[in-house]
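Based on the sequences and whatever the hints tell you, model everything.
Protein chains in written order, with the UniProt record's numbering: chain X, 1 to 235; chain V, 1 to 339; chain G, 1 to 378.
Watch out, some of these pointers could steer you wrong.
[As the list claims (entries may be wrong)] Within a straight-line C-alpha distance of at most 20 Å, the following computed DMTMM-like cross-link-like pairs (lysine to aspartate or glutamate) qualify:
(1) K131(G) with E41(V)
(2) K285(G) with E372(G)
(3) K285(G) with E172(X)
(4) K126(X) with E164(X)
(5) K133(X) with E164(X)
(6) K95(V) with D73(V)
(7) K95(V) with E113(V)
(8) K299(G) with D79(X)
(9) K15(G) with D282(G)
(10) K131(G) with E43(V)
(11) K116(X) with E129(X)
(12) K268(V) with E87(G)
(13) K232(G) with D116(G)
(14) K131(G) with D116(G)
(15) K142(X) with D12(G)
(16) K268(V) with E66(V)
(17) K116(X) with D79(X)
(18) K270(V) with D307(V)
(19) K232(G) with E372(G)
(20) K299(G) with E81(X)
(21) K126(X) with E191(X)
FYI, nobody ran anything at the bench for these hints, they're computed from the structure.
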Amino acid sequence: MNAESAICARGIIRDFQAGQSTIRVLHGIDTDIRSGEMTYVVGESGSGKTTLISIMCGILWPTEGEVQVFGTDIYSLSDTELVNFRLNNIGFIFQQYNLIPSIDAAANAAVPLIAKGMAIEPARQKAIELLEKLNIGDQANKLPNQLSGGQQQRVAIARALVHEPRLVVCDEPTAALDASSGRRVMDLLREVAVAPDRACIIVTHDNRIFDLADRILVLEDGRVTHDGTDMPDDH
Amino acid sequence: MALLPQNVSFSRQILPILALIGIVIAAFYIFSDLPDRSTSEPEQQPPKATGALADSARVAGTGLVEPASEIIDIGSALSGLVTDLRVQPGDRVEKGQPLFLVDSRAARARLTEANAAIAEARAAINEARTAQSTASQQLALFRSIDDPAAVSRSEVIRAEGEAAAAKSRLNVARARLSAAQASASSANTEIGRLTVRAPISGEILAVNIRPGEFVATQGGGGGLPFIQMGETNPLHVRIDIDENEAVRLQMGAEATVSPRGAAELQVKAKFVRAEPQVVPKRQLTNSAAERVDVRVLQVIYALPESDDFRVGQQVDAFIPAVDNGPRAPVQSTEVEEQE
Amino acid sequence: MLWIAIRMLTGDAQKFYGLLFGIAFSTLLITQQLTIFVNLIERGASGVYNAPEAEVWVMDPVSRTTDVNYAMPSTALDEVRSVPGVEWAVPHLRAVASVRTGTGDLEGVAIIGVDDATLIGMPENMVAETKEVLSQPDAVVIDDGGVFNLFENGEDPIGQRLELNDQRAVIRGVADSIPSFTSQVVLYTKYSQALNYVPGTRNRLTFVLAGVTEGETAAGVADRIEEQTGLKAETREEFAQAGVDFIVQNTGIPTNFGITVVLGFVVGVAIVGLTFSLFIRDNIKQFGALKAIGVTNSKIVGMVSAQAALVGAVGYALGVIGTVTFIWAFSGNPFFKGFYIPWQIPLISLAAVVVILAITGWIALRSVLNTEPASVFR
Numbered sequence: 001m002n003a004e005s006a007i008c009a010r011g012i013i014r015d016f017q018a019g020q021s022t023i024r025v026l027h028g029i030d031t032d033i034r035s036g037e038m039t040y041v042v043g044e045s046g047s048g049k050t051t052l053i054s055i056m057c058g059i060l061w062p063t064e065g066e067v068q069v070f071g072t073d074i075y076s077l078s079d080t081e082l083v084n085f086r087l088n089n090i091g092f093i094f095q096q097y098n099l100i101p102s103i104d105a106a107a108n109a110a111v112p113l114i115a116k117g118m119a120i121e122p123a124r125q126k127a128i129e130l131l132e133k134l135n136i137g138d139q140a141n142k143l144p145n146q147l148s149g150g151q152q153q154r155v156a157i158a159r160a161l162v163h164e165p166r167l168v169v170c171d172e173p174t175a176a177l178d179a180s181s182g183r184r185v186m187d188l189l190r191e192v193a194v195a196p197d198r199a200c201i202i203v204t205h206d207n208r209i210f211d212l213a214d215r216i217l218v219l220e221d222g223r224v225t226h227d228g229t230d231m232p233d234d235h
Numbered sequence: 001m002a003l004l005p006q007n008v009s010f011s012r013q014i015l016p017i018l019a020l021i022g023i024v025i026a027a028f029y030i031f032s033d034l035p036d037r038s039t040s041e042p043e044q045q046p047p048k049a050t051g052a053l054a055d056s057a058r059v060a061g062t063g064l065v066e067p068a069s070e071i072i073d074i075g076s077a078l079s080g081l082v083t084d085l086r087v088q089p090g091d092r093v094e095k096g097q098p099l100f101l102v103d104s105r106a107a108r109a110r111l112t113e114a115n116a117a118i119a120e121a122r123a124a125i126n127e128a129r130t131a132q133s134t135a136s137q138q139l140a141l142f143r144s145i146d147d148p149a150a151v152s153r154s155e156v157i158r159a160e161g162e163a164a165a166a167k168s169r170l171n172v173a174r175a176r177l178s179a180a181q182a183s184a185s186s187a188n189t190e191i192g193r194l195t196v197r198a199p200i201s202g203e204i205l206a207v208n209i210r211p212g213e214f215v216a217t218q219g220g221g222g223g224l225p226f227i228q229m230g231e232t233n234p235l236h237v238r239i240d241i242d243e244n245e246a247v248r249l250q251m252g253a254e255a256t257v258s259p260r261g262a263a264e265l266q267v268k269a270k271f272v273r274a275e276p277q278v279v280p281k282r283q284l285t286n287s288a289a290e291r292v293d294v295r296v297l298q299v300i301y302a303l304p305e306s307d308d309f310r311v312g313q314q315v316d317a318f319i320p321a322v323d324n325g326p327r328a329p330v331q332s333t334e335v336e337e338q339e
Numbered sequence: 001m002l003w004i005a006i007r008m009l010t011g012d013a014q015k016f017y018g019l020l021f022g023i024a025f026s027t028l029l030i031t032q033q034l035t036i037f038v039n040l041i042e043r044g045a046s047g048v049y050n051a052p053e054a055e056v057w058v059m060d061p062v063s064r065t066t067d068v069n070y071a072m073p074s075t076a077l078d079e080v081r082s083v084p085g086v087e088w089a090v091p092h093l094r095a096v097a098s099v100r101t102g103t104g105d106l107e108g109v110a111i112i113g114v115d116d117a118t119l120i121g122m123p124e125n126m127v128a129e130t131k132e133v134l135s136q137p138d139a140v141v142i143d144d145g146g147v148f149n150l151f152e153n154g155e156d157p158i159g160q161r162l163e164l165n166d167q168r169a170v171i172r173g174v175a176d177s178i179p180s181f182t183s184q185v186v187l188y189t190k191y192s193q194a195l196n197y198v199p200g201t202r203n204r205l206t207f208v209l210a211g212v213t214e215g216e217t218a219a220g221v222a223d224r225i226e227e228q229t230g231l232k233a234e235t236r237e238e239f240a241q242a243g244v245d246f247i248v249q250n251t252g253i254p255t256n257f258g259i260t261v262v263l264g265f266v267v268g269v270a271i272v273g274l275t276f277s278l279f280i281r282d283n284i285k286q287f288g289a290l291k292a293i294g295v296t297n298s299k300i301v302g303m304v305s306a307q308a309a310l311v312g313a314v315g316y317a318l319g320v321i322g323t324v325t326f327i328w329a330f331s332g333n334p335f336f337k338g339f340y341i342p343w344q345i346p347l348i349s350l351a352a353v354v355v356i357l358a359i360t361g362w363i364a365l366r367s368v369l370n371t372e373p374a375s376v377f378r
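Put into structure tokens, the structure is as follows:
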């Protein structure tokens, strides 16, 4: 492992129980994710990319292998330490956003700060600053169901970045968007999420945006089949 | 929630505040509405043992006030109509003072009759004396004549006979006088008996006859005694002690007595005596047809002079008890100690 | 996070009010039924509470309650008075008789003969006239519940003539008393008068009421009375309890009310449990997201607890307010006369609410805690 590696995964194996049989989803993955880059994890459905990313950001235990995030072996931490590690170091953007419907955009964006123990008002204030940067500052007091899909996604992005994590994990950010909006989101993400000391992992199978990647990991049947700056031709 | 100002939420702010106010009011209601289960002091004082008796062994009883002489139900020796009533309730009478008179006309008539018979007998005596004197003078005359021829023998005999007859007539008349005098005396006695007199000095407690009423020797109408009297100075009180308690009674000790309904009026009563006989309890329940199987020892106490007690009044009494500890359960073999 | 939790809860008004209703309904059912139950069985002790002066009740050893009694010889009064520690003792007669009303109806009544001199044994307060009216000839005082039963057409009871055991009785006053369990008409009169109203039996003295000298305890004096006289003596509390126990042992009331209370509990668990589970299920994705973002399980528990606490507190308050309103609204009804809410009952229902929420909250939490944070990526 080298110094710039944000994530250093070694020998990741993950099995799932399906009834009596065991299905091996990941077959020993060794990979590094570097800071300052936007790394795409690409693969067909069922290729194991969601499992891999879950393991890499500390929300799913691998059957075997170890993951170091910024030098910390996250699966040697206790449950609570792991949860706090996630809270302090990782920002999530979920495909379905998973915003809380009964609190407004600013509060939703401020959730990680609130979870860290910050008081409501300063947290909201900080979130509103970020929302302004994302050009939806005027929507800060609206509830999620009063926002359009794109606005909701921006709120979700704000939530992922508000606590300035060193790793941002983004699940299918463009799946629900048309090509131009998708590109806009990706531009936005590149603008706000990519920083020299921050790693950004994007899980996608949207080939329209592959050209925006700094690095692409291709997974097939639980194995990394490609690791490079460009998409292989067969995709 | 358009009715509410901005930033005020009904469910998050108003409802909890309403609930809080409501629960405070409810708690206030609950605590103010709790029933008062505490005991209260009696408004009027019930009879109670006071002083040293309050904490020590004692015997309680109820009693009736009575005269020191007990109540005397005056009777009449003879029956007849009441002609005169000389007393009324509350009067003090001396021993022998007439209380009432029963019709004495029949007796008086007999007296008159007897007096007439006395006069008659006296006249007869005079008449007999005169005859006797005449006869004896004649006889003396005949006896002074010495000449046997001057008076015949038969003349003398006749004169002797007359003299004897006159003497015996006198005797008869005297006997009749005695009989008449006895008859008069008897009538006088009867007249005396028709005047009913006080057997002792005392106070008239009740008068149940009025002039014109008929008194029989069997008692008056309605079973009431004609006149009730008794010595009310001092008054006595007859206290019933349950036979179960009687053994604990401290004989001779003073009793604390209070009249019914005036428990604060307490007096000390001196021991007089205990009745030798334990009798069935019958007073105080106000029921004529009382049937009880409780027997009581009656103890008599003398009340000090006081205006608070009247004959027949009910009283509550407390008497010191012999403190021999709590009574043991009655066992057949046990003989309770007598003091 | 609690701020978020509360907003999550109230954000879904339907479920929030559903939860409130469930808790409030359970609280109302449990509190109100327990209140009625307690008050109803306490009617068994009303005879004791209606004689506020008596600290000790003395009776024949076979007597059980104020209404199930056996008379003693009249000298029992003196025996009780003889016991040290007894400050005073007065006779008390309780019997049943039949009364003929002015209209000729026959009605069973309870005759209570109180001490002639002191009137000890009368209820503390009077609705009409004063206790002293008993000194008038043939006077009786009726209880206020009896007025309702005997004079349904709203006649003024004062001055009404009754016929008791061929004797004349005139109602001269109305007492403010707690009705008996059977709501029987009660006539108070002097002891000596009561003897005339009650058909003659050998013994009539049913109770001796006693006071306790200062410095003595009622229980101690009661024991001493039992020891010295062989009679049964109970303190006011004991005898009140005996009346309650008698009702409990001889009626199906505890079972019935017990079933209702259990039903209230079950309904509460069902409504609250279902609604709460639905609410949690609706929000399971948000909870999953929070878990992924980095909210510890203990904070999640705290959030759910806060939600349960808010629902519980508000719902419980509404239920208690409902009960109080009910009791208050019906306080004028003779059947509910003297009804009160013992302070323990709201605490019992509070405990029930806590248990309901603990059960349902635990069930709901289990699904949250079992949620894999990884599921948010699917």
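Tell me if the straight-line CA distance from K131(G) to E43(V) falls inside 20 Å. 10 Å, holds
20 Å Cα cutoff - pair K133(X), E164(X): 14 Å, holds
Run the distance test for K285(G) versus E372(G): straight-line Cα separation, threshold 20 Å. Roughly 10 Å separates the two Cα atoms, so the pair holds.
Between K15(G) and D282(G), is the straight-line Cα distance small enough, at 20 Å or below? 10 Å, holds
Is the Cα-Cα distance between K268(V) and E66(V) 20 Å or less? Measuring from Cα to Cα gives roughly 16 Å; hence the hint holds.
Given the hinted pair K232(G) and D116(G), is their Cα-Cα distance within 20 Å? 23 Å, violated
With a cut-off of 20 Å on the C-alpha distance, tell me whether K126(X) and E164(X) pass. 11 Å, holds
Are the Cα positions of K299(G) and D79(X) separated by 20 Å at most? Holds. K299(G) to D79(X) sits at ~13 Å (cutoff 20 Å).
Pairwise hint evaluation, E81(X) against K299(G), where the allowed Cα distance is 20 Å at most: Status holds; Cα separation ~14 Å.
Proposed proximity, E87(G) with K268(V) (alpha carbon, max 20 Å): 18 Å, holds
Quickly compare the C-alpha distance for K116(X) and E129(X) to 20 Å and report which way the hint goes. 18 Å, holds
Agreement of K270(V) and D307(V) with the hint, judged by alpha carbon distance not exceeding 20 Å: 17 Å, holds
Checked against the numbered hints given earlier, the structure breaks hints 7, 13, 19 and satisfies all the rest.
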